Structure formats: C-alpha cells, structure tokens
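Asks: The primary structure of each chain is shown beneath.
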Amino acid sequence: MLSKGLKRKREEEEEEEEEEEKEALAVDTWWLDSDHPAVAQAPPAVASSSLFDLSVLKLHHSLRQSEPDLRHLVLVVNTLRRIQASMVPTAALPPVPSLPAAPGMADSLLASSDAALSASMASLLEDLSHIEGLSQAPQPLAEEGPQGRPIGGAPPSLGSLDLLDPATGCLLDDGLEGLFEDIDTSMYDSELWAPASEGLKPGPEDGSGKEDTPELKETELKDTELDYLMDVLVGTQALERPPGPGR
Amino acid sequence: MGEDTDTRKINHSFLRDHSYVTEADVISTVEFNHTGELLATGDKGGRVVIFQREPESKNAPHSQGEYDVYSTFQSHEPEFDYLKSLEIEEKINKIKWLPQQNAAHSLLSTNDKTIKLWKITERDKRPEGYNLKDEEGKLKDLSTVTSLQVPVLKPMDLMVEVSPRRVFANGHTYHINSISVNSDCETYMSADDLRINLWHLAITDRSFNIVDIKPANMEDLTEVITASEFHPHHCNLFVYSSSKGSLRLCDMRAAALCDKHSKLFEEPEDPSNRSFFSEIISSVSDVKFSHSGRYMLTRDYLTVKVWDLNMEARPIETYQVHDYLRSKLCSLYENDCIFDKFECAWNGSDSVIMTGAYNNFFRMFDRNTKRDVTLEASRESSKPRAVLKPRRVCVGGKRRRDDISVDSLDFTRKILHTAWHPAENIIAVAAANNLYIFQDKVNSETH
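Chain order of the listed sequences is S and V. According to the working numbering, the stretch in the first sequence is residues -14 to 232, in order. According to the working numbering, the stretch in the second sequence is residues 496 to 942, in order.
With the rest of the complex left out, here is chain S (with noise of 0.2 Å):
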C-alpha cells in the first residue's frame, strides 16, 4: 500500500491535466480500490491539489460518521486550512458551470473554491456545535457559492464526488438529509424545549421541516442534565437507581 502510494506521488508532478472530473473519478477509484489500473493516469496538475482534493475527501468522510472523532476531523481540517493557505490564487476568472476541459482551469477553479470552501467549512464546524443539541449529525447546507447557485441535489453516496461540486468546492449539500429520514423524532416534539433562536439551517430542498429536532440555546440547559432528562424520559435510566450487577 505504501509503495503504490510512493509512485502516485512521483507519477503527480507536472502533466497535463485532464478533465477534473476524470481526474476526480481517478482519485476516487484510487481511493475505493488500491488495485485499481486507474491509479497511473490522470494525476494532477498540482501535487498539492490531489491533496487538497484527498483531505476535503476525508473531511466529508469523516463528516459522514454518526458521530465525528473530533480529533481527526479537527487535524484534517486544519491540514485543509495549510493546504489552501498554500496554494496561490490565480484572478478570479467567470465561474465555469461545467467542469473544465482545458488545463490551466484548474487554479482559478481553486480560486474561486477557496472562499466557498472556507464559508463551508466555518458552518460545517458551526453545525458541529449541534453536537451538544439534540441532533448530533451535521445539518445539511444551503451552500449557495458566491456566484449564487444553489448546489444541484445529489443522491448521497459515500466515496461519490458528485457531492463534491469543483465549481463552489462546497462539500456537503441537501444529500445528508437522507441520514434523517428514519429518525422517529416524535419525542422531541414537546412543549419542554423552547426553540433555539438560532433555528436550523435550510436545506435547499426540504427547509427545516424534515428535520423536526428543536434546538436548545447551550446556557438554557447544561448537556448533561439535558441528556439525563432525555434518558429518564425515555426510560432508559431511572432516576437515582443504584448501579445493580450487570448493568
């Protein structure tokens, strides 16, 4: 596995480049399948952007899981952060609506991905914060790039770069939403929970009507008292029983 890694990377420097979007499959068959013939061609123009395009990968991987590791998801984040730091923006060009044919394309393309990617990733580790509400998976976006289009929706399918949109370079869209769909969140519908001020964040699809988890402000209950009350309402905990054996 390393060795292969060894020669993708000298096989990276410098060659023309071909249509993101085949470079973006290339990058992806890699990544699902090391064995994959795919793995010589089609490498980038930048060292950096199959890099930059790995660590948004793993950022949106990560993000995925029910529950985050927050370390890792902090680290590649902030790799992302150094990586984009260190590419040099080209001058902004039109935004292309379709992915580029001609080489060259691919700076300003990252150019004007780099303020929506920053835009994305501030509100997706703002929806980090949800962690602490009711809802612990990230909420879906209603990522609009700077040129004001709204991402198309695409079905959610893990590894699938149609999420990932090169024009906007916005990670997620309205494709999360089919994590919601099963929850039961009758539960949650009750006069107990002020609705948070904050509200949700619409989905350019469904709005904040699928997802039906009000959303506390943090000061107006501590989280662990509000998990207790949530296991005793539920009944999986009752109230001051003393740990019996096999518990």
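These aren't lab readings, by the way, just hints derived from the structure by calculation. Predicted model only: the values in this text are computed from it and were never measured. Take the hints with a grain of salt, since some may be wrong.
Derived, one-sided and incomplete: chain S residues facing chain V with beta-carbon distance under 7 Å [unchecked claim]:
id : residue
1  : Ser51
2  : Glu52
3  : Asn63
4  : Arg67
5  : Met215
Chain V is nowhere near these chain S residues, computed Cβ spacing over 10 Å in every case [unchecked claim]:
id : residue
6  : His45
7  : Leu48
8  : Arg49
A virtual CB, placed ideally from N, CA and C, is assigned to each residue, including glycine.
Chain S is already provided as a structure; the job is to place chain V on it using the hints.
Replies: Then chain V, alone, in the frame of chain S:
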C-alpha cells in the same frame, strides 16, 4: 541504532512467557496494578480480563511467576443513546487501578461515555456446620437436632467475584480518552475531546468540570484534548495534552476552572521538517508522568519525548521511533495511519521508555546509555521461552539478512498499547487480539 551486540545487552534476556488469545476481540487497553501482581486488559467487546501473577515456584527458583487468567467480566455493553440516535460503543478505552486499601481490588474502566468502578474480591472459604440447614442447604428436621454447633470456615476453591460499585454516567458529551486516579485516592478525572471532569469516587451523580476548551463558536475549534493524567504525588497538579502537540500543566488550587494553565510545554516547530502534516504528527497521543514525578513522557507520531517539569521551552530528550516514515507521510495520510494513537510507558526506575510501532514492532530506549532496541511481538518470530531477537528496519544502503525494508512493513499490524510492570522488567504488549508478556530473566531488579 547501535551495534547489534550492544543492543542485545538490553534486551537479550527478554523471554516470551505466554501469548494469550482473546476470542476475536481486539485489545484496547493494558494496565498493571500498583504492585504488578495483576494485569488488566480491556477489549473492543467491552470485556475486561484480569491476569494474576503466580507466586514464584520453589521448584524452579529461577523461573519467576507467570501470569494466568484471574477473572473475566463484561464491563460495558453497547448502548443506544435515544436522544441522539447513536450507538455508544462498548469498547474499553482505558482501565486504571485504584490503590489497594483492603483485601479487595478495585479498578475504573471506561468506554466513550461512562466510567464504572469495579470491585474484585476473592472468596476461598465457606462456612460449614449450620444448625438449621444441612450441607445442601435444606432445612433440617428440628427434632433431629440435639446439640448446637458453631459453623466453621472451611477452605474451598478460589472464587473471584466482580461487582460494579459505581457507574459514573452522563458526564461527557464527547468521547472519553483518559481517566486518571488522583494520589489522594478519593478523586479521579476523566477527559474527553473538549472537557475534563473531576469526580469523587463515592459520588456518581455529579462531577466538577475543571477544563473546558470548547470555543463559543464551534467553527473556531482548532484543538482538542488528547490525553491527561494526574501528577503521581501532588494531588493538585495534572497535565493534559492537545492535538497541536502542547502540554498544559494545571494547578487545581489556582482556580476552580483550570482553563488557564500553570505551565505550557511546547516545542517550536523545526522549520527544516515543516510539511502539511506537521500538525498531525505533532499531535500528542499519550502523556505519562515518570514514577518520580519529575518528568513527563509524551508520544507523537514519530517520536517519544521526555520533558522536565521545570523546563517548558522544549523536551530534554527526544527519541526517534520510526523516522524512516517521515518521507512517507503523504501515504500514511492517505491510509489514515497517520492518525494512529500510540501509547508510551516508563519502566519502574524511569530509566527506560517503551512505545509501540508498526509491523508489531515495539521500541525501547535506555535514557542512560542512549541505546535503543526494536523487538517484535508475534508468534512467528518468537517461540515461548525463546530470547527475543532485535529487529532492524533498513532504509536503503547495506541490508543485513534479517532486516525488514521500510516498504515491507505491515501497517495493519501495530502495537498501540503497552504497559510496564511498576517494579520489575516485565512488559505487556497488545497486538490486535493477542497479549504478549515478556520477562527479563537476567536483570530483574536493576536496569
């Protein structure tokens, strides 16, 4: 690395005692108790297995006691958090023994969310000769009882009983990575990614939050807590490490909330080694105070470092665990190995430190002689009672017969968890679901 003959002087006499195969489950933590008589392991399935060292046999005075299974119990079960619709893993993250205060042994075991106090007691006698019951427990016909007798205690087969005494739940929103018992023997702390709580061992319904690094805006989150430990002697001092490679020593006497550290230990980044992965490889995965309390040992991805509590600017010693991986960081990032969390350990006299690596290798560094050795924990490479052979990773250039080349290292076989007996040269090394216990037969008292 030193010449082979010299490195053999350190490790030549390490023999392999046993390899204990636990059923299917990967060992996730290993811990000796304070005397070294007991060794506890926790696994991914939520089980705890305790080994006990047999007393030395009179027949073979040179053969020191070996470890046998003493008790096995299910500490944690998988749970479902209905509030967040998440399953809570039963994997045991850490076990810490309490100092023994009576005939019973006690330990704390924790998974991601809940800490439990377990009491382990022995029963080796039972009363016989009741007046009202016969030997099988049936009530006697009173008319047959003509005299009274006093029940006497008779020996029986040893029975080890384990019971949960406390459950410390609902203290943590994030995943618990460390627990540490205070030297006052009354309190302990538990740390998750963003917070550290102080508990009293007898009180389960509340804890004090002593460190909170959660930012007001989660989008400002750039650092998490990775490990923490109480000072072995000063009950007011503790240290915690971060994902950015810094250590913070805190004094609980200074303030109720120890967000402000008393000392900050941080080594400036080496500009010649700077890369995109600098932060990831600087993330501290384990921190351990020395037995003396004067030093701290930290493990990051490529090195182990010894810090003097009196010097914050940089470590006093740095040892390269596997520097040949420095040029492979990109690949290790790809396959996520760069995020592996290795533990580290001191020997009883604080003169040798040990940590795990890949390919089931583990490394030991003698702080006095500056010699180091690489050994392997695997059944293929060592038969029982055989002396461990030092291994060498060759990075090109002259290659000897038994050397392993960097590209042949197996990154799926890694030694994350190791422990050193508090007094003797006995080490426990966990490799996946196997536990290896190695003893130094020759230099048992000194090193």
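Asks: Give a verdict on every hint.
Replies: Checked hints:
Restraint check, Ser51(S) versus chain V: the minimum CB separation of about 5 Å is within 7 Å; hint holds. Annotation: interface hint on Glu52(S) holds; nearest CB of chain V at approximately 5 Å, less than 7 Å. The beta carbon of Asn63(S) comes within 5 Å of a beta carbon in chain V, closer than 7 Å, and the hint placing it at the interface holds. About 5 Å separates the beta-carbon of Arg67(S) from the nearest beta-carbon of chain V, less than 7 Å, and the hint is met.
Given hint, Met215(S) at the interface with chain V, holds; its Cβ is 4 Å from that chain's nearest Cβ, closer than 7 Å. Every Cβ of chain V is farther than 10 Å from the Cβ of His45(S); the closest lies at roughly 14 Å, confirming the non-interface assignment. Separation of Leu48(S) from chain V is adequate, the least Cβ-Cβ distance of about 13 Å exceeding the 10 Å criterion. In this structure Arg49(S) is separated from chain V by more than 10 Å, as the shortest Cβ-Cβ distance comes to about 14 Å.
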